[in-house]
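Undergrad: The chain contents come next:
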Amino acid sequence: MSNLDAAFSALADPTRRAILSRLAQGEATVMELAKPFQLSQPAISQHLKVLESAGLVVRRIEGAKRPRRLAKAGVETIDLWLSMLREALDKNYDRLDEVLAEMKPRKGRRIR
Amino acid sequence: MSKMTLKTEGDRYVVVTRQFAAPPEAVYRAHTDPKLIQKWLLGPDGWTMPVCISDARPGGKIRYEWMNGKGHGFHLTGEYLELEPCSRIVHVERMHFPDPTPDNHVETRFDPDGADTLMTLRMTLPSAEVRTAMLSSGMEHGMEASYARLEQLI
Chain A
1 MSNLDAAFSA
11 LADPTRRAIL
21 SRLAQGEATV
31 MELAKPFQLS
41 QPAISQHLKV
51 LESAGLVVRR
61 IEGAKRPRRL
71 AKAGVETIDL
81 WLSMLREALD
91 KNYDRLDEVL
101 AEMKPRKGRR
111 IR
Chain B
1 MSKMTLKTEG
11 DRYVVVTRQF
21 AAPPEAVYRA
31 HTDPKLIQKW
41 LLGPDGWTMP
51 VCISDARPGG
61 KIRYEWMNGK
71 GHGFHLTGEY
81 LELEPCSRIV
91 HVERMHFPDP
101 TPDNHVETRF
111 DPDGADTLMT
121 LRMTLPSAEV
131 RTAMLSSGME
141 HGMEASYARL
151 EQLI
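If you're matching them up, the sequences are chains A and B in order. Letter 97 of the first sequence, counting from 1, is numbered 97 in the working numbering, and no numbers are missing. Letter 61 of the second sequence, counting from 1, is numbered 61 in the working numbering, and no numbers are missing.
Everything labelled a hint here was simulated from the structure, so no lab data went into it. There are no misleading hints in this set.
Lysine-lysine pairs mimicking BS3-like chemistry, simulated, CA-CA at most 25 Å apart:
#: 1; chain 1: A; residue 1: K91; chain 2: B; residue 2: K39
#: 2; chain 1: B; residue 1: K35; chain 2: B; residue 2: K70
#: 3; chain 1: B; residue 1: K3; chain 2: A; residue 2: K91
#: 4; chain 1: B; residue 1: K61; chain 2: B; residue 2: K39
#: 5; chain 1: B; residue 1: K70; chain 2: B; residue 2: K39
#: 6; chain 1: B; residue 1: K7; chain 2: A; residue 2: K91
#: 7; chain 1: A; residue 1: K65; chain 2: A; residue 2: K35
#: 8; chain 1: B; residue 1: K39; chain 2: A; residue 2: K104
#: 9; chain 1: B; residue 1: K35; chain 2: A; residue 2: K104
#: 10; chain 1: A; residue 1: K91; chain 2: A; residue 2: K104
#: 11; chain 1: B; residue 1: K61; chain 2: B; residue 2: K35
#: 12; chain 1: A; residue 1: K91; chain 2: B; residue 2: K35
#: 13; chain 1: A; residue 1: K35; chain 2: A; residue 2: K49
#: 14; chain 1: A; residue 1: K49; chain 2: A; residue 2: K72
#: 15; chain 1: A; residue 1: K65; chain 2: A; residue 2: K49
#: 16; chain 1: B; residue 1: K3; chain 2: B; residue 2: K39
#: 17; chain 1: B; residue 1: K3; chain 2: A; residue 2: K104
#: 18; chain 1: B; residue 1: K70; chain 2: A; residue 2: K91
For the chain A half of the interface with chain B, some residues (derived, Cβ under 7 Å), not all of them:
#: 19; residue: A12
#: 20; residue: A88
#: 21; residue: N92
#: 22; residue: Y93
#: 23; residue: R95
#: 24; residue: L96
#: 25; residue: V99
#: 26; residue: L100
#: 27; residue: M103
Chain A is nowhere near these chain B residues, computed Cβ spacing over 12 Å in every case:
#: 28; residue: P50
#: 29; residue: E65
#: 30; residue: L81
#: 31; residue: E82
#: 32; residue: V90
Note that the structure is predicted; figures quoted are calculated from it, not measured. Positions of the beta carbon are idealized from the N, C-alpha and C atoms, including for glycine.
Produce the complete structure using the sequences and hints provided.
TA: In structure tokens form, the structure reads like this:
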């Protein structure tokens, strides 16, 4: 997936993750997206541009409106990002267990 | 040994807890000594941290650089805000992909629990929406399928 780097850069920004989570609940216009984030419409448009070029969000034309919705890749990428975070934490702390075991003085420790 | 837990607190926090079979002094040191951090703060298998700067004093710099051995890498920078030796760390951090993400504010506590340590990591999230999305997307459940998919992608 050549788009993976673009997808992860897109997801690196919490506002863009929040936009994706809003779109996960359904289609929304730029105005509807701007409101909860207290950002200007140009700022939201900029974030949407990043999400669209990463293939995570698509737009539809409806008269003067351009409602955005989540692309299939968007759903999968959110899922992927969350699983990586959880997995990374698990792996880190398992390794930390080993580091801590090595730090311990061997003599005089009680048996667990 | 209890497993890692992950829960919400208030409107903007995700709280991770984990028990460690070592005293708070050791767990604290493993979180602040760069030589020790390099051994475990690596994320998924296959990643290394060739550069680790951790100047553990208020205002001190943090810089972690990760590489995956396939030519991909990224880094994190941050600053320590408060340090209570052996019991509490407050810092801010941001990822660079290469553009920096907004600051993530993190408080890490190390509380004695018998001979063990209960670590509590409180991450501040940018919005309640993000937190809701994180939790509702199954962060607390198994993710085998996603992880298998990730391996196919890389």
